[in-house]
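Produce the entire structure from the sequences given, and follow the hints as far as they go.
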Amino acid sequence: MIAHFGFGILLIAFFVTLYATLTSALSKREAPQRAASMVESARRAMLLTFPLITLASALLIYLLVNNHFEVQFVYQVTSRSMPTYLKVTAWWGGQAGSLLFWSWLMSAFASLATLRNWERDREFLPWVILVSCFTLAFFLGMTAFFENPFKMFYQTSDGVGAYFFQPANSMLFTPEDGRGLNPLLRHPGMVAHPPLLYLGFVSFVIPFAFAIAALITGRTDDRWIRITRRWALWAWLFLTFGLVFGGRWAYDVLGWGGYWGWDPVEIAAFMPWLTGTAFLHSVMIQEKRGMLKHWNMLLIILTYDLVIFGTFLTRSGVLSSVHAFAQSAIGPLFFGYIIVTFVASVALLLHRWGSLKAETEMKSLLSREALFLFNNLLFMSVLVVCFWGVIYPLTSELFTGSKVTVGPPFYERATGPLFAALLFLMGIAPLSAWGHSTLKTLGRALWKPAVVAVAITLALYAFYTRNAYALTGFFLVAFVVSITVYEYWRGARARQKSKHENFLAALSNLTKRDRRRYGGYLVHLSIALMAIGILGIELFQIETQGTLEINQRMNLGGYDMQYQDIARFTGPDGREVTRAVVGIYQNGQFLGNLHPRIDYYWDAQQAMTIPGQRATMKDDLYILLVNWEPASASGATFKIYVNPLVNWLWMGSLLFLVGIAIAAWPEKDRERAIVKASRQIHEVGAAK
Amino acid sequence: MNRKTATTKQTTTHPLLWALLFTTVFSLAIYSIVFAQGSTPTDDEVNQIAKKLYCPVCENIPLDACPTEACRQWRDQIREMLSQGKTEAEIIDYFAATYGERAASDPRDKVKAYLVPIVAILLGAAGLVSALRKWRKPQAARPTAPANEAQPLAQMDDYVARIEEELRNRE
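Each protein sequence line maps, in turn, to chains A and B.
Throughout the first sequence, residue numbering follows my numbering, covering 1 to 688 in sequence.
Throughout the second sequence, residue numbering follows my numbering, covering 1 to 171 in sequence.
By construction, these hints were calculated from the structure, which means they are not laboratory data.
All figures in this text were calculated on a predicted structure; none of them were measured in a lab.
Straight-line alpha carbon distances no greater than 20 Å define the calculated EDC-like cross-link-like pairs of lysine to aspartate or glutamate that follow:
(1) B:K112 with A:E412
(2) B:K52 with B:D106
(3) B:K110 with B:E88
(4) B:K51 with A:E538
(5) B:K51 with A:D263
(6) B:K134 with A:E359
(7) B:K52 with A:E412
(8) B:K134 with A:E361
(9) B:K51 with B:E69
(10) A:K151 with A:D177
(11) A:K363 with A:E287
Facing chain A, according to a computed beta carbon distance under 10 Å, are these residues of chain B, among others:
(12) N47
(13) D109
(14) I118
(15) G127
Virtual Cβ for every residue (Gly too), placed ideally from N, Cα, C.
See the structure below:
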């Protein structure tokens with residue numbers, strides 16, 4: 001009954017969304033007054049989708065929490081033994097539920113966007129509604145007709161099957177227990193990772209909607225960019241955090257000592273991040289110099305379609321083979337949607353090509369805008385490598401019949417130099433000027449931080465490493481950090497002199513005065529910190545594996561590990577836990593115990609290897625229990641990793657959060673003043 | 001005299017030294033071959049190779065980290081091949097030939113795998129260079145433009161400097 005109700009609500013939401021799409025699309029054909037009322041009607045319909053999808057989602061959560069295994073989705077992703085919070089998060093633990101979750105977020109964001117003050121941009125409204133509702137209608141349609149989370153099991157003469165409606169001569173079939181959530185997803189990291197990723201995905205739809213609105217209306221100045229700047233920044237923040245949480249989850253749960261495996265699903269989430277990052281940089285060129293208008297449009301179109309591609313891939317896994325793609329009901333639909341939206345958007349862009357001419361010219365190859373262009377080229381190059389790496393196995397299978405694996409070596413080799421070049425640009429770009437920069441002016445600004453970076457690199461060469469890759473990487477990191485710190489210091493000193501403030505006040509006021517710039521610098525700094533972590537684990541990770549008897553020791557990288565005890569017991573949710581106790585020593589001194597374990601989930605018949613970890617800023621000791629058979633006398637097998645500097649990666653991500661928050665926090669007073677001024681202008685105009 | 005004796009000694013011991021060196025190296029080589037075939041390779045040696053392989057069943061999990069029974073058997077096979085004296089390249093080739101190219105973590109045909117992205121990136125770079133040239137052309141057509149723009153700035157600087165100086169003189 002509740003499932004039927006949920007299905008009904010979902011259908012209503014779908015038709016309301018269709019209504020909003022069509023009404024806003026057709027409004028332009030009508031006379032202005034009627035058109036305005038049609039747009040208002042579409043806007044209200046759009047706003048109605050949010051409570052409707054919220055209700056459908058609440059009903060689904062009710063079914064999940066209360067073990068309604070007669071519902072196919074509930075059966076697939078929950079089991080009686082799962083704790084309630086995991087049953088709730090199972091909402092996005094399977095394909096059907098996660099599509100509904102996506103729709104819910106999309107509806108929330110579109111509603112937020114339509115609730116903003118539209119006084120200055122009324123002509124955009126119908127088209128923003130059109131694009132967001134078209135996207136929403138696609139996802140709702142997919143949820144309602146193809147991947148419906150409310151389908152129920154019925155016993156017919158042909159056996160048990162899942163149906164939308166009860167077939168004739170059938171009975172409702174309720175399994176005793178569900179299959180349970182994939183064990184890999186039963187982790188706090190997985191609770192946060194998909195929502196953050198989806199938040200990032202969905203928020204990028206809003207700038208896209210405004211870009212299309214700008215193309216349709218022909219208002220091709222930078223207004224659409226200014227309106228959506230914060231949306232894009234928040235989207236980028238969510239997406240980045242989605243990726244970081246995903247990395248942390250992989251590190252804690254997947255048990256291979258790393259955080260990023262260049263898996264197609266990871267790359268699918270990384271690709272919109274690449275175009276989004278390029279977009280965030282290149283829109284500044286349009287705002288400051290009136291250039292690159294075509295390119296920005298193309299970037300946001302690419303980001304939108306990569307978001308759809310990413311959503312599709314992260315859940316379906318169809319890229320593993322051509323056959324999986326053909327068999328998946330939604331695969332061809334998603335593919336068709338991506339093609340249609342991409343072609344339509346690019347056609348629209350070509351239609352407006354002439355009105356998107358640059359207002360100024362490029363004067364110097366070292367100007368800020370030129371460096372941003374190189375940055376864009378590099379981001380797009382990383383995208384090309386990623387995209388090719390993801391589709392190469394498919395094309396190879398399609399054309400030669402032989403499947404290939406494109407693993408980490410390909411990506412590391414191909415993207416390593418590109419990331420290094422990006423770091424270098426990240427260093428010099430903040431010091432180059434908009435419009436015009438020469439080698440001399442740039443050199444004058446650069447030499448002091450460059451000397452610091454060289455000194456740090458020499459010190460590292462003398463005391464830490466002789467590895468050329470590492471030294472190059474660390475030099476670039478030191479370069480970025482010293483330039484960023486130098487920029488802050490220079491700005492604060494100038495303020496200190498002119499305004500007679502103390503250094504800290506000058507620093508804080510400096511940031512407040514130009515939050516976008518100084519927030520951006522913090523983000524650069526955080527990327528440099530993350531790069532330290534990445535360099536550490538990628539270039540200096542060491543590992544060893546061995547089988548130990550009780551009280552035997554194994555050592556690695558200055559750490560001694562003593563196997564002390566092991567036990568097997570049943571966990572609270574029915575999983576079988578095999579947990580070892582190992583003592584950790586360094587230079588003979590006892591540091592503490594770690595508890596690597598293997599969790600075996602009977603319901604899903606899957607094992608998870610959870611590491612015992614000891615984290616410091618210098619390195620992580622990461623111990624896995626690989627194997628232990630109670631019947632055998634051969635002891636337990638452990639694998640130890642020492643992951644140097646990896647915690648800088650996680651620390652860097654926190655600074656990233658601070659940087660983006662500074663850059664994107666709404667400036668209430670300024671916004672209010674603009675709105676007030678525009679209202680006054682409007683009123684004066686009306687009075688005349 | 002002493003020096004002469006020493007020289008003579010050196011010449012006489014030379015062949016002996018060579019013989020000793022040869023015997024040592026030869027016996028070490030023989031020993032290492034016999035030893036390598038007879039000994040069991042360590043887990044680390046096995047993992048070093050397993051890292052570069054993927055089994056066809058466990059999507060995207062490298063063989064050294066995969067906990068399934070099938071993958072354990074593959075690792076045992078690597079161990080056996082290592083103890084037979086096979087090299088890393090031979091072992092990876094064997095798995096790619098037996099289980100298909102997808103068993104190797106890196107595409108075997110490097111040209112096919114790398115050509116497309118390299119060409120695409122070069123095309124992108126060429127596109128950017130040509131766009132930059134196009135943008136800079138109007139400036140080249142009017143070579144005096146930057147000088148004209150720079151001049152008032154320079155004049156401004158002079159002007160500001162003079163005011164500053166005068167102010168300083170007054171103080």
